[in-house]
Amino acid sequence: MTKIKLAVAAGSYCGGCDMSIIDLNELLIPIDEVIELQYWQLAADFKIKDVKALKDNEIDITLYHGPIRTSEHAELAHLFRKKSKVLIAYGACSCFGGIPQLANPFTASELLDETYVHGYNMDDSGPNHMRTSSEYKKGRKMTLPKLLDSCLPLSSEVDVDYYVPGCPPVRDQWLVLIDIITNFIKNGELPPKGTVVAGDKARCEECGREKPDEIVINKFLRPYEINPDPEKCLLAQGLICMGPATRAGCGNQCTGDANMPCRGCFGPAPEVDEPGLKMLSAIASIAGAKKEGELGEEGLKKLMDQVVDPFGTFYRFAVPQILMHIKQKKAKEEKSDSVK
Amino acid sequence: MTADGKKSSKTTNKRIGVFVCHCGKNIAEMVDVKKAADVSKDLEGVVFTTHSNYLCSEPGQKELQEAIKTSKLNAIVCACCSPTLHEETFRSAAENVGMNKYEVEIANIREKCSWVHTNREKATEKAIKIIETKVEKALLNEPLTPASVEVNRTCLIIGAGITGIQAALDVADAGFKVTLVEKSPTIGGHMAQLASTFPTLDCSQCILSPKMSAIAHNENINLITNAEVTSVSGFVGNFKVEIKEYPRYVDPDKCTLCDDCVKVCPVVVPAEFEGGLGPRKAIYMPFPQAVPSVYTLDIDNCLGIHPLICSKCRDACGPEAIDYDMVTKIKNMEFGSIIIATGFDLYDISKIQEYEFGTDVDVIDGIQFERLLSSSGPTSGVVLRPSDHKKPETVVFVQCVGSRDPEHHMAYCSKICCTYTGKHALLLKDLAPDTEVYVFYIDIRAAGRGYEEFIQRAQEKGVIYIRGKPSKIFRDGDKTIIWAANTLTGERLEVEADLVVLAPAMIPSFDTKSISLITKCSLDEYGFFKEAHMKLKPVESLVSGLLVAGTALSPKDIPESVAQGSAAAAKAISILSQPKLYHEPLVSTVDEDKCCGCKVCQSLCPYGAITFDDANKTSVVNEILCEGCGTCVSACASQALILKNLTHKQMEKMIHVALKEEAK
Ligand SMILES: Cc1cc2nc3c(=O)[nH]c(=O)nc-3n(C[C@H](O)[C@H](O)[C@H](O)COP(=O)(O)OP(=O)(O)OC[C@H]3O[C@@H](n4cnc5c(N)ncnc54)[C@H](O)[C@@H]3O)c2cc1C
Ligand code: SF4
Ligand code: SF4
Ligand code: SF4
Ligand code: SF4
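Residue numbers (the working numbering), protein chains in the order written: chain A, 1 to 340; chain B, 341 to 1004.
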């Protein structure tokens, strides 16, 4: 049996996605028998130049972690797209932008200033100490990749075949992935393009909590303010749970034993294109419901003001479409001098 | 102007016609209608365009029908006035020539364009854009058929005060069966307690009791007293209702009204009917004209219906009408429509601590005073003060007790207290002309035929009206002292009274909240039931087939309550007399494959159209109840709820077309 050629590449990621693969433990053994690794920095000292040397489409499957934050991430994305038959966005960041995309309301220079100029432990030598290139040996210069003005999902840069959401993805998704891989080896068959390896409804479906017939929020609570009833829907207890807008498949990690609301790391539920907006709309519908008259416009506003950090709450893992649109427009201009 | 050679839309097979109306000069003056029609020719799926002077006129409609036939149109967009005006006109015109009426779209280029703009060029551009969005919508519209259901031809009426009584008689007289459910042992409500009624001063019982006895004898009316409605499900034409009838322990068929049981019963409690001013026994009849005409054993106060404990009444009862083994009966019934007439209660005056109601027995409320005035009341119609049964020399009436006080109590005006206080003062002056009578008021609001004159009559009789609200009422020895300020003269007053009569706010009756939960009829900010439209649908609720009338909606007097009872009856009759009920198919539906069962939508539907399928773990929309308001659609974060012919896809496409320039 010919082994399948697999690569694992990454953009701006935290390493968690790699760990999720390592965590598979004994599941990795059969994988190892059918797989020939082409690139995975975590496993061995692979070189990009070796990847560049491969023929186009020589790699069968590439898993790409993390979003596109720098010009180097974009370059890698294009390289692996070119060299791979199948490109899979692996992890919430790669699929939707993930945690790093929370920086999107700011430009690259604002981010750099905040960290390297106004950062509290910075000396006052001003912006001069920010160097993006240096000569480390006579005549040898090293240049840092350019920090882009945006942080967008893999699909904003290249064509993506499949999506494996999660922060990080879980074992159950791997069972499906392994099926996909073995089926590919045996029959050369692949699932339809765009397939998302996760549940096909929203999260509440797999959440065993009891949902009352009347879900109304009259006071918003943050997780540290309450020890939630583990049997009852968290939304009904005043916590903002992203469950209704989020794709199932995580195996009930947060809303189960952790007794924490869903943060939305599995991305939008199947029909949903903008989970943040949909959830905000749902929350606005149930906040003060049936008391609108009593609360009045002022009262309703006060109630909604209890929602702390709306951007971070509703858009924790997925770039809002409008921002995506604006950033992509800008990115196009940037790309001309970073790629090619 | 046929766009010949052009094929129907590739993606949807739609053959769309666009009809731009001039509306005389109304549209044509500000919008270049010819240009709008011309430009529309190039839109996807459009195979026919024209513009005509008055599209809604007979010739205009003929032209539209001709075009549908000759150009084989299966969808049309009428660019004209607001859909509230002629949507139905064009829908039926199209339907008459075989087109599905839900394929008709209105592009409102009058109210939303020509009427509000002054620049012809820009207005034309905007009109074209409005047409474009509607063509975009028409491309994805689907032919729909109205839903229909059978009608159960019976009516349930909850509450048998004068409002419920009137409604029951009207519905029954129209030939429909009525079930009238009353919570207390007798019908009649508050009106039965009144001595006489303003402004004509006819005796309340005399005008009420004929109606009460008509209820008892009407073959179409099934009266269930001592009972409650405990659940309502289903929808217009087919409500399923559970009624709990509590045992009264006396068999109405055997009881001969001999009163022997009352004579032997050792338990004496304050009579509710007398406002607590008179006694009754644990087995009693609230008042002689009560309907049904039967005694009731009050289980909460009875010593115990056990031979070892008391059972004196049973031993005394010759015809053996008393049956201790009676149990609560649960009745499951079906109705085509429901009228809520659960009436009002009086504001709990003990919440107004400065008035000492409840601690000073000579401070009473309006209903108690009615009982003092009533010839069948505890004092046989002589006004005596409760503490020592002496005739009061000075009587003070206070209006607006708990009403018109947004900071502390109820913000609204209780509407009837000015007039009934005038009635009380006048009747008292008639009975005992020497009594000094004061009325404290904020404003006199006696609107209604003969009401203002009625107040004037009281003043002419020597009743002293003082503008001001007492700040404190307290007991001092033999007297009750009232502190107040006359806001017209600015002087501070202290009145020593023998009897003080308060006119408390009318508030929603005790069960209003629970009935609201059961029936899904919404409440207003004060807890009264809320009508569907204050002006145009005064007795309808947002739930189709569920009607509300009388003081359950807001404070009102008897004539208004009766009028509303009749109005609700007329509405019920119009439902019950339909051969079948039809409902617009423009409703929302649940995509079962997407609904995650979060239940977020469950309680939000103002029409109670959403229920949960526990087996499937998904929500279900009842298409007969759904009014297509879209509330649930925006609440469903899983995007599982879809409005028919206004899907997310359609919305998105319309927005794209509308903003295509801006997005460039
Ligand atoms: C002191 C006073 C004096 C008045 N004088 C006059 C006057 O002179 N002239 C005039 O026009 N108006 C007068 N009114 C107003 C008049 O009493 C009301 O307009 C009228 O009684 C309203 O009738 P209703 O049927 O709407 O309510 P109600 O009389 O309150 O009847 C409601 C009925 O519903 C029943 N009910 C409640 N809950 C339930 C339930 N859950 N299930 C079943 N049944 C239930 C109650 O037991 C009651 O029988 C006076 C009011 C007051 C307080
Ligand atoms: S909202 Fe959250 S807690 Fe409630 S059912 Fe959905 S996933 Fe579970
Ligand atoms: S059994 Fe009850 S109702 Fe009958 S006489 Fe005794 S206390 Fe009165
Ligand atoms: S569209 Fe409105 S009426 Fe219809 S089910 Fe949803 S909330 Fe109820
Ligand atoms: S809000 Fe949507 S997903 Fe949730 S129960 Fe209702 S229809 Fe289903």
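I should point out that these hints are in silico values taken from the structure, not numbers from a laboratory.
Small disclaimer: the values here were computed from a predicted structure and weren't measured.
Careful: at least some of the hints might be erroneous.
Unchecked claim - Derived lysine-lysine pairs resembling DSSO-like cross-links, with alpha carbons at most 30 angstroms apart:
id, chain 1, residue 1, chain 2, residue 2
1, B, Lys860, A, Lys291
2, B, Lys402, A, Lys291
3, A, Lys291, B, Lys993
4, B, Lys984, B, Lys350
5, B, Lys441, B, Lys523
6, B, Lys350, B, Lys365
7, B, Lys374, A, Lys330
8, A, Lys290, B, Lys374
9, B, Lys989, A, Lys329
10, B, Lys671, B, Lys691
11, A, Lys219, B, Lys984
12, B, Lys350, A, Lys290
13, A, Lys290, B, Lys375
14, B, Lys993, B, Lys523
15, A, Lys219, A, Lys3
16, B, Lys860, B, Lys374
Quick rundown of the hints versus the structure:
1. B:Lys860 <-> A:Lys291: holds (15 angstroms)
2. B:Lys402 <-> A:Lys291: violated (50 angstroms)
3. A:Lys291 <-> B:Lys993: violated (34 angstroms)
4. B:Lys984 <-> B:Lys350: With a Cα-Cα distance of about 22 angstroms, the restraint between B:Lys984 and B:Lys350 holds, given a limit of 30 angstroms.
5. B:Lys441 <-> B:Lys523: violated (47 angstroms)
6. B:Lys350 <-> B:Lys365: violated (37 angstroms)
7. B:Lys374 <-> A:Lys330: The given pair, whose Cα atoms are some 41 angstroms apart, is violated under the 30 angstroms limit.
8. A:Lys290 <-> B:Lys374: violated (49 angstroms)
9. B:Lys989 <-> A:Lys329: With Cα atoms ~24 angstroms apart, B:Lys989 and A:Lys329 stay inside 30 angstroms; holds.
10. B:Lys671 <-> B:Lys691: violated (38 angstroms)
11. A:Lys219 <-> B:Lys984: Roughly 34 angstroms separates the two Cα atoms, so the pair is violated.
12. B:Lys350 <-> A:Lys290: violated (46 angstroms)
13. A:Lys290 <-> B:Lys375: violated (48 angstroms)
14. B:Lys993 <-> B:Lys523: violated (55 angstroms)
15. A:Lys219 <-> A:Lys3: violated (57 angstroms)
16. B:Lys860 <-> B:Lys374: It is violated: about 51 angstroms lies between the C-alpha atoms, which goes past 30 angstroms.
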